[in-house]
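> Sequence:
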Amino acid sequence: MSTTHEFQVGEPVHINGLNIVCNVEKELGSGTQGKVYSLISPDNSPLVLKWYFPSMATNEQYDILESLIQKKSPSNRFLWPLALVNTPKKEGFGYVMSMKDSRFKSFSLWLSRKINPSFKALLTACFELVQSFHLLHSKGLCYQDLSLNNIYFDPENGEIRIGDTDNIVINGEDKGNVIGTPKFMAPEIIIGKALPNTQTDLYSLAIILFYILFLNHPLEGKIESSIKSLDLPSMSKLYGFEPLFIFDPNNDSNYPDPAFHANAIIFWNIYPDFVKRIFVRAFTNGIKDPMHGRVRETEWQITLLSLRDSIYYCKQCGSENFFVPGSSVFEKLTIPVELGGIHSDFKVQNRSRNLEEIQSNSVCWNPQCKTMNTHILNIRIDDRMFVALNHDTKLFLHHIDPDHKYDFSSPVAEVSRHPTDPRVWGLKNLSAYPWKVSKVNGDVIEVYLKQSFSLVPGTKIDFGRSKGIVCY
Numbered sequence: 001m002s003t004t005h006e007f008q009v010g011e012p013v014h015i016n017g018l019n020i021v022c023n024v025e026k027e028l029g030s031g032t033q034g035k036v037y038s039l040i041s042p043d044n045s046p047l048v049l050k051w052y053f054p055s056m057a058t059n060e061q062y063d064i065l066e067s068l069i070q071k072k073s074p075s076n077r078f079l080w081p082l083a084l085v086n087t088p089k090k091e092g093f094g095y096v097m098s099m100k101d102s103r104f105k106s107f108s109l110w111l112s113r114k115i116n117p118s119f120k121a122l123l124t125a126c127f128e129l130v131q132s133f134h135l136l137h138s139k140g141l142c143y144q145d146l147s148l149n150n151i152y153f154d155p156e157n158g159e160i161r162i163g164d165t166d167n168i169v170i171n172g173e174d175k176g177n178v179i180g181t182p183k184f185m186a187p188e189i190i191i192g193k194a195l196p197n198t199q200t201d202l203y204s205l206a207i208i209l210f211y212i213l214f215l216n217h218p219l220e221g222k223i224e225s226s227i228k229s230l231d232l233p234s235m236s237k238l239y240g241f242e243p244l245f246i247f248d249p250n251n252d253s254n255y256p257d258p259a260f261h262a263n264a265i266i267f268w269n270i271y272p273d274f275v276k277r278i279f280v281r282a283f284t285n286g287i288k289d290p291m292h293g294r295v296r297e298t299e300w301q302i303t304l305l306s307l308r309d310s311i312y313y314c315k316q317c318g319s320e321n322f323f324v325p326g327s328s329v330f331e332k333l334t335i336p337v338e339l340g341g342i343h344s345d346f347k348v349q350n351r352s353r354n355l356e357e358i359q360s361n362s363v364c365w366n367p368q369c370k371t372m373n374t375h376i377l378n379i380r381i382d383d384r385m386f387v388a389l390n391h392d393t394k395l396f397l398h399h400i401d402p403d404h405k406y407d408f409s410s411p412v413a414e415v416s417r418h419p420t421d422p423r424v425w426g427l428k429n430l431s432a433y434p435w436k437v438s439k440v441n442g443d444v445i446e447v448y449l450k451q452s453f454s455l456v457p458g459t460k461i462d463f464g465r466s467k468g469i470v471c472y
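Everything in the sequence shown is counted per UniProt numbering, starting at 1 for the first residue and increasing by one.
Treat the hints as calculated values from the structure; they're not laboratory data. Errors might be hidden in some of the hints.
To be verified - Straight-line C-alpha distance at most 20 Å; calculated PhoX-like pairs for lysine-lysine:
1) 450 <-> 394
2) 120 <-> 139
3) 467 <-> 439
4) 460 <-> 439
5) 72 <-> 100
6) 450 <-> 428
7) 467 <-> 120
8) 71 <-> 139
9) 105 <-> 120
10) 72 <-> 26
11) 26 <-> 120
I would like the entire structure built from these sequences, with the hints used as guidance.
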C-alpha cells in the first residue's frame, strides 16, 4: 500500500494551473528531493510530475516554484515548472514540467564512451548550454546546482535540455535546498566563504565545458590519482582549499597522469591554442579571483563558435580536425581544392593572391592517420571570422549579418556540388537577397536564391551586410 505522498499508476492528477486532469503513467525515478512520474495528458503532450518528499516540501520551495512559474522560462531548453500541483489526498506538493524527448541523452554516455558524437555536436551542445545560462543570468537568476547530472543532449546535432530547474532562485537570495554537487561546486562554496550565485554558476559551467571537451575534470591530475582514499577531507582539499588546474602553465605538479587521465592529454593536444588559453584563464584567474577572473558567457560563446567554424574533415580518413589561420602569404594557386575530405580536380592556374595559409593544426590528430592536410578551403568574413568550407557547411545570419549574432534559425548559404560536374563545388544562396560575387578573372556576377558560384580561392562575395573572400 502506498504512502500518502506516492502516486499509483492510473491515478488522476488535477493540474489547476493548466486546467487539465492527467493520469499517472509510471514512476520514472526517485531522487533526494522526491519522485518523478510520467503523465498521460488529454492532448498527449509529454508531461512529468515531480512530487516532493514531505521533508523537502517546504514553504520556501513552494515560493520558489511559484516565482519560477510566474517568471516563465528564459529558453525552451530549460525543462521549466509549468504549474504547481496540490491535492488533499497527498502530503506535500509537486509541480508539472515538460518531458524531455527520448533523443536527449545523459552526458555520462559520452564520458564513458558509449556514444561517439561529433566534435560539431559537442560544440553545439556547449554553445547552447552557455547561451542558455547567459539568458538565465540576464534575468537575474541563479541555477545553484549545475552539474552533468541535469544536462542532456542530442548526440546527433548537439541540442540540449536542462533539468532540475526547481532549484533556480533570484541571484543573491539565500534560498533553496541545495548548494551544489560535489566536483562541480566552486571552491569558495566548498570552503564556506560563499553561497551559490551567478559567479559560482560560471565556475560550474566552466567545469562542465571542460568535461565535455576533454573527458576529464579540470582539477583531477596526478594529485588526485595519488590519493589512496578520496574521502571528504581529501575532496575538500582537492576541489576547495588547494585547487590546481591540471594544465596550469606555472605549476605542473597536478599534470594529468597518463595512466588515469589519458583523455585529457589526448584532447588537450587536439584543440587550438586559443581554446587552451581560455580554459587556463577559467581555472587559474577564475579560481584566484571569483568576482573578476571568471570567463563570462559571452567569451565562451565567441570561443565555442570560432572552434566549431574551424572544423574541417581530414582528406584521408574523414576525421574532424581544427584549423587555425596563419599569416598572409603570396602563393600561386596550382593545387587541387580539398573540400570536406572530397578531392576536387578544379584548378586555378597562374593566379597570385594574398591568401591565408594554414600554419598549424594541419596534421590529422587521428593516430591511425596523421595525414598532412594542406590548403584547407575556408571563407574569411570581414576579418571577423573564418569558416572552414566542407561538403556539409552551412552559413547563417550569424556569419553574414553583424546585427544577427547567434542567429542560427535557418541557413542563408550552403556548400553544394555542381549538378553535372562532381569535381566542382560551390556556395549556394539560400537567402532572399542577391549576392555580388567578384570572380578571380575580374567578372562580377549576381547570385540569386538557389543559385551558386564556384568556390575558387580569391573569389570575393558581398553578402550585403558583410563581405567575404574564399581562401586556402
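> Look at each hint and say if it fits the structure.
Against the structure, the hints:
1. This hinted pair checks out: residue 450 and residue 394 have alpha carbons roughly 14 Å apart, not beyond 20 Å.
2. Note on residue 120 and residue 139: the hinted pairing is violated, with a Cα-Cα distance of about 29 Å set against a maximum of 20 Å.
3. Proposed proximity of residue 467 and residue 439 is supported: the alpha carbons are some 14 Å apart, at most 20 Å.
4. Of the pairs offered as hints, the one joining residue 460 and residue 439 holds, with about 7 Å between alpha carbons and a cut-off of 20 Å not exceeded.
5. Simply put, residue 72 and residue 100 have alpha-carbon atoms about 18 Å apart, close enough for the 20 Å limit, and the pair holds.
6. For the suggested pair residue 450 and residue 428, the alpha carbons sit about 6 Å apart, so the restraint of at most 20 Å is met.
7. Simply put, residue 467 and residue 120 have alpha-carbon atoms about 25 Å apart, too far for the 20 Å limit, and the pair is violated.
8. A C-alpha spacing of about 9 Å is found between residue 71 and residue 139, which places the hinted pair at or below 20 Å, so the restraint holds.
9. At roughly 16 Å between alpha-carbon atoms, residue 105 and residue 120 fall within 20 Å of each other, so this suggested pair holds.
10. With a CA separation close to 27 Å, the supplied pair residue 72 and residue 26 exceeds the 20 Å bound.
11. Note on residue 26 and residue 120: the hinted pairing is violated, with a Cα-Cα distance of about 36 Å set against a maximum of 20 Å.
Figure legend: structure checked against the earlier numbered hints; hints not met, in rising order: 2, 7, 10, 11.
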